[in-house]
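Asks: Below are the chains, spelled out letter by letter.
There are 2 protein chains.
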Amino acid sequence: MEDMSHKSARLDLDELESVFAAMELTNPESAKGRLLTMAAHLFKVRGFDRTTVRDLASAVGIQSGSIFHHFKNKDEILEAVMRDAIVYNTRLMIEGVKASTTLKEQLLGLIRCELESINGVTGEAMNVLVFEWRNLPEEKQRGILELRQYYEDLWLSALESAVEQGMVQGDPFVIRRLLAGSLSWSSTWYRIDGSLSLEHLAEQALLLILH
Amino acid sequence: MEDMSHKSARLDLDELESVFAAMELTNPESAKGRLLTMAAHLFKVRGFDRTTVRDLASAVGIQSGSIFHHFKNKDEILEAVMRDAIVYNTRLMIEGVKASTTLKEQLLGLIRCELESINGVTGEAMNVLVFEWRNLPEEKQRGILELRQYYEDLWLSALESAVEQGMVQGDPFVIRRLLAGSLSWSSTWYRIDGSLSLEHLAEQALLLILH
DNA sequence: GTCTATAGAAGGATAGAC
DNA sequence: GTCTATCCTTCTATAGAC
Numbered sequence: 067m068e069d070m071s072h073k074s075a076r077l078d079l080d081e082l083e084s085v086f087a088a089m090e091l092t093n094p095e096s097a098k099g100r101l102l103t104m105a106a107h108l109f110k111v112r113g114f115d116r117t118t119v120r121d122l123a124s125a126v127g128i129q130s131g132s133i134f135h136h137f138k139n140k141d142e143i144l145e146a147v148m149r150d151a152i153v154y155n156t157r158l159m160i161e162g163v164k165a166s167t168t169l170k171e172q173l174l175g176l177i178r179c180e181l182e183s184i185n186g187v188t189g190e191a192m193n194v195l196v197f198e199w200r201n202l203p204e205e206k207q208r209g210i211l212e213l214r215q216y217y218e219d220l221w222l223s224a225l226e227s228a229v230e231q232g233m234v235q236g237d238p239f240v241i242r243r244l245l246a247g248s249l250s251w252s253s254t255w256y257r258i259d260g261s262l263s264l265e266h267l268a269e270q271a272l273l274l275i276l277h
Numbered sequence: 067m068e069d070m071s072h073k074s075a076r077l078d079l080d081e082l083e084s085v086f087a088a089m090e091l092t093n094p095e096s097a098k099g100r101l102l103t104m105a106a107h108l109f110k111v112r113g114f115d116r117t118t119v120r121d122l123a124s125a126v127g128i129q130s131g132s133i134f135h136h137f138k139n140k141d142e143i144l145e146a147v148m149r150d151a152i153v154y155n156t157r158l159m160i161e162g163v164k165a166s167t168t169l170k171e172q173l174l175g176l177i178r179c180e181l182e183s184i185n186g187v188t189g190e191a192m193n194v195l196v197f198e199w200r201n202l203p204e205e206k207q208r209g210i211l212e213l214r215q216y217y218e219d220l221w222l223s224a225l226e227s228a229v230e231q232g233m234v235q236g237d238p239f240v241i242r243r244l245l246a247g248s249l250s251w252s253s254t255w256y257r258i259d260g261s262l263s264l265e266h267l268a269e270q271a272l273l274l275i276l277h
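In order, the protein sequence lines correspond to chains A and B. Just so you know, we're using our numbering here: the first sequence kicks off at 67 and counts up by one. Just so you know, we're using our numbering here: the second sequence kicks off at 67 and counts up by one.
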């Protein structure tokens with residue numbers, strides 16, 4: 067039986083599913099979906115502050131005033147990009163963990179998943195989540211952090227087991243933070259169409275924590 | 067004898083020294099030094115775009131127009147913070163490498179030095195270098211990259227030796243990038259006044275690459 | 001080296017028509 | 001759901017006095 071004492075601060079799977087159902091980021095059918103995809107792109111390439119609502123509007127072929135039919139203000143666009151990015155990738159991560167049998171496989175799966183999230187199709191949105199964090203107003207940060215906790219817990223429990231079994235040395239929290247840095251940072255130098263495959267990179271990253 | 071064919075793209079020690087002599091960041095005696103220290107602080111806390119010249123001016127107790135007596139424009143302030151940060155820390159790193167006798171000691175020294183640079187007294191300026199990079203106009207980026215190459219070369223040659231000796235497994239370039247991510251990212255979660263000492267963190271980071 | 005005053009441009013957001 | 005028109009604020013940068 068799970069400990070429910072933290073329920074208000076955590077997210078259960080049902081909540082995650084309902085947020086997932088409302089995700090628009092990857093939906094090119096809706097105007098809002100196209101806006102979010104383009105916003106992720108522009109926020110990643112130019113940064114949030116240097117992307118104007120006029121830029122975003124003209125990139126999707128509408129006028130700047132029309133943006134505010136879909137979002138109350140510019141901050142809400144940022145929030146939506148981040149929320150959708152994290153929900154989408156948390157779901158992939160849960161599936162990856164379920165699919166793995168050994169602990170080593172699970173760790174590699176988590177690494178692969180995180181590398182995929184930051185360098186693959188949702189890479190721009192994930193980059194925004196990681197590198198534009200400071201631009202999200204504090205009250206909105208809290209909501210996203212709650213979502214993030216779900217997949218950080220996946221990581222921590224995997225690392226705790228690995229330390230218990232002697233596969234990994236050190237404090238799980240510190241290892242997770244060091245590894246999170248390595249993986250997030252990969253988007254600044256890794257090229258998905260280069261000679262290094264994402265799978266090889268994942269294996270090299272796994273080597274960092276295994277002993 | 068060193069290969070001089072890349073001279074134009076590299077930096078020699080004399081040049082480094084002359085740039086170092088012109089460094090103002092850590093000089094509280096000059097108005098420019100105070101401006102740079104405060105700029106590093108504000109750029110780190112709020113980000114470059116969200117820091118106005120008015121903010122900066124009032125933080126050092128002058129009027130916004132007076133800023134432009136010291137710097138031609140706002141971008142030049144950012145450039146100066148970055149240049150001084152990198153020159154200051156490259157020098158520390160060179161000294162650290164010189165002082166170490168074994169290769170393992172050298173690697174630990176490089177890690178310690180990088181952690182110190184991003185979490186210690188020059189931490190705010192180094193954070194600006196790492197996380198506000200995109201805000202520096204491209205032509206200015208080139209000059210800073212040239213400076214940065216000096217200490218990246220220190221890293222690469224140490225890692226190449228370590229791989230040759232079997233201390234470290236994998237491609238030195240990839241290992242360096244993964245490690246650089248870990249170390250830079252530490253400024254987002256590590257607290258220098260917390261229970262984890264910088265020395266312990268350095269040792270944990272060394273564990274990442276050693277096999 | 002700092003001040004005052006202000007030019008000039010750009011950005012977020014709103015209102016109301018269609 | 002999008003357009004037009006525009007308000008209002010904020011920001012960088014300049015000019016010239018002290």
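Don't read these hints as lab results, they were simulated from the structure. All values reported here derive from a predicted model rather than from experimental measurement. Do not rely on the hints blindly, as some may be mistaken.
[Unchecked claim] Using C-beta positions, here's what the derived DEER-type ranges look like:
{"no.": "1", "chain 1": "B", "residue 1": "Leu222", "chain 2": "A", "residue 2": "Val187", "range": "31 to 39 Å"}
{"no.": "2", "chain 1": "B", "residue 1": "His136", "chain 2": "A", "residue 2": "Gln215", "range": "39 to 47 Å"}
{"no.": "3", "chain 1": "A", "residue 1": "Val229", "chain 2": "B", "residue 2": "Thr118", "range": "20 to 28 Å"}
{"no.": "4", "chain 1": "A", "residue 1": "Asn139", "chain 2": "B", "residue 2": "Val187", "range": "21 to 29 Å"}
{"no.": "5", "chain 1": "A", "residue 1": "Phe134", "chain 2": "B", "residue 2": "Arg208", "range": "54 to 62 Å"}
{"no.": "6", "chain 1": "A", "residue 1": "Ser223", "chain 2": "B", "residue 2": "Arg208", "range": "42 to 50 Å"}
{"no.": "7", "chain 1": "A", "residue 1": "Ala88", "chain 2": "B", "residue 2": "Asp115", "range": "14 to 22 Å"}
{"no.": "8", "chain 1": "B", "residue 1": "Arg200", "chain 2": "A", "residue 2": "Gln235", "range": "53 to 61 Å"}
{"no.": "9", "chain 1": "B", "residue 1": "Thr118", "chain 2": "A", "residue 2": "Ser223", "range": "51 to 59 Å"}
Even glycine gets a Cβ: it sits at the ideal position worked out from N, Cα and C.
Asks: Next, verify each hint and record whether it holds.
Replies: Quick rundown of the hints versus the structure:
no., hint, verdict
1, Leu222(B) with Val187(A): 31 to 39 Å, "32 Å, holds"
2, His136(B) with Gln215(A): 39 to 47 Å, "45 Å, holds"
3, Val229(A) with Thr118(B): 20 to 28 Å, "47 Å, violated"
4, Asn139(A) with Val187(B): 21 to 29 Å, "38 Å, violated"
5, Phe134(A) with Arg208(B): 54 to 62 Å, "39 Å, violated"
6, Ser223(A) with Arg208(B): 42 to 50 Å, "45 Å, holds"
7, Ala88(A) with Asp115(B): 14 to 22 Å, "30 Å, violated"
8, Arg200(B) with Gln235(A): 53 to 61 Å, "36 Å, violated"
9, Thr118(B) with Ser223(A): 51 to 59 Å, "45 Å, violated"
When the structure is compared with the earlier hints, violations turn up for hints 3, 4, 5, 7, 8 and 9 and for no others.
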